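S.K.: Produce the complete structure using the sequences and hints provided.
Read off the chains here:
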Amino acid sequence: MKNVKLNKDTAFKWLTAFLAFILLLLGIGILLKLIISSRLSFDAFGLKFLFSREWDPVQRLFGALPFVWGTFVSATLALIIALPISIGIAVFLSELAPIWMRKPVSFIIELLAAIPSVIYGLWGLFVLAPVMQQWVEPLLGKYLGFLPFFKGYPLGVGMLTGGVIIAIMIIPTISSISREVLSAVPAHQKEAALSIGMTRWEAIWKVMLPYGRSGIVGAIILGYGRALGETMAVTMVIGNTPNISLSLFDPAYTIASVIANEFTEATYELYISSLIEIGLILFVITFILNAVARFLLWRMKRFEEVRG
Amino acid sequence: MQEINKEFRVRSSEFGDKAKFIIEGLNAWFGRNQALKNINMSVKQNEVTAIIGPSGCGKSTFVRCLNRLHEEIIGARCEGRVIFDGKDIYDPDVDPVLIRRRIGMVFQKPNPFPAMTVYENVVAGLILEGRKKKSELDEVVEKFLRLAALWDEVKDKLHQSGARLSSGQQQRLCIARTLAVEPDVILFDEPTSALDPISTAKIEELMQGLKKDYTIVIVTHNMQQAARVSGYTGFFLLGELIEFDRTNKIFTNPANRLTEEYVTGRFG
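Chains W and F, in that order, give the protein sequences. Just so we're aligned: the first sequence equals residues 1059 to 1366 in our numbering. Just so we're aligned: the second sequence equals residues 7 to 274 in our numbering.
Please keep in mind that the hints were generated in silico from the structure rather than gathered at the bench. Remember, predicted model here, so these are calculated numbers, not experimental data. Virtual Cβ for every residue (Gly too), placed ideally from N, Cα, C.
Derived pair list, reagent style DSS-like, types lysine-lysine, alpha-carbon separation capped at 30 Å:
1) K140/F to K1264/W
2) K24/F to K149/F
3) K1264/W to K138/F
4) K161/F to K139/F
5) K139/F to K163/F
6) K161/F to K1264/W
7) K1264/W to K163/F
8) K149/F to K1264/W
9) K115/F to K208/F
10) K217/F to K163/F
11) K1264/W to K115/F
12) K138/F to K161/F
13) K1264/W to K139/F
Far from chain F, some chain W residues (derived; all Cβ distances over 10 Å):
14) T1068
15) L1092
16) F1100
17) F1109
18) V1131
19) P1142
20) E1168
21) P1196
22) K1209
23) E1323
24) V1350
25) L1354
Some chain W residues close to chain F (C-beta under 10 Å, calculated; not the full set):
26) I1157
27) Q1247
28) K1248
29) A1250
30) L1252
31) I1254
32) M1256
33) R1258
34) L1267
35) Y1269
M.R.: What follows is the structure, given as structure tokens:
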């Protein structure tokens, strides 16, 4: 009797282990396939691929720089916009909001992450882009036009609008993880801060956020990773022009967008291989960022356990 | 129980203008659970007052009501009067932040700020004022680390994280941090229950030295500790103050049978 039970348990263990490994194998398989398929493009352009601005399928010239630029600038811009808002939300929901409000509002904010990217894109194209064109960009141009970032004609679709859309999409990620990090700060830290006459504001900024800093950094990197890989919504509002310009009003292009837009038109091997190679670049970057973020979050949890 | 409480009210007037706290009709709740029931008691200036009682008797809640920290727990509230230097700290016009700067607290578990250095921990309550110069802060750090009997052990580690000290050192660092705000009163909430006997002895010795400049209230589950350090002792049971008197009377000739049973170790 005992043996039968044991055997069933063993079988179940192997089944679940197999299921878990499928995903791991799939990930490794994707990476290998990307490396193999980008071989052609790597042989043709070498490291120059990373630094060339040329993207001309007719002349059979491919360079990733405008896409890498567009990806990093749009994601960084999104992070600059999203970070203060997310930390504000996290602080409000974990410390300041009335108790009855905390759970429902956190829930709704987390639900925002479930809205399909293409819906954000539609909203971005039909609502956000006209608002940016008619109001936000002219105002920025008028008052901050002396900066190189706000020069040029307000088009509505471009780097700035792309950044704003991504910011809206990563706020749920950063704010919900930061909220969890803040809630995990032990009560004795806050009490110590209050007992020496800190206000709540000071307790949060000087004690609780610094205590949870590695977790907050993890949340930020995770949000940044999402921002780098975001495809659909950005494609719809960023303008899709492989262009390196300091002005945020100008249209740009991201890695994810160019792959989505051009893979159906890629009619010869080198073209496909070049698209796959920039895909590989994105894969590696986001993989590293996610790994770092997970490590920081894990270390904070472990640190917490060690300290008791 | 009401009768006994009335008796205390008479007794507390004995302190006259030496009464630092006069607590009248203090009740406290966690949600619907009443943790303190009609506490009437006084705390004498420049004296160590011990609060003893079994776990869950409300002794920690009691001291946390004295610096308005109790209300920071979600769902917690209290009622009654806590008159501190002639002014009720629960008056609507009183700012709890200012109250806590005059009534410091040291907690059960050493809780230095791990993101700050030893130095920064000591001045954590001061930099808020934002007007201290570096040289002044240096003086403050040395003065209060000396007062907390920690200076010699950490003077070469001032710029390391406060979390890297031993737990006994961390607790003395927390005491220095509390002292640096220059309060009148220090509330100790079982300050040595997480420490080894040597660290405990150091902190008890420190408390004796602080008595002349500060009013001290210490919560302890260790009766020998109460007997060693305090001049007055209150015995709490199930949220009520059973007896309050001079420490030697509480331990040698208590008026209440429950107090006697507790101090002789028959329950608790």
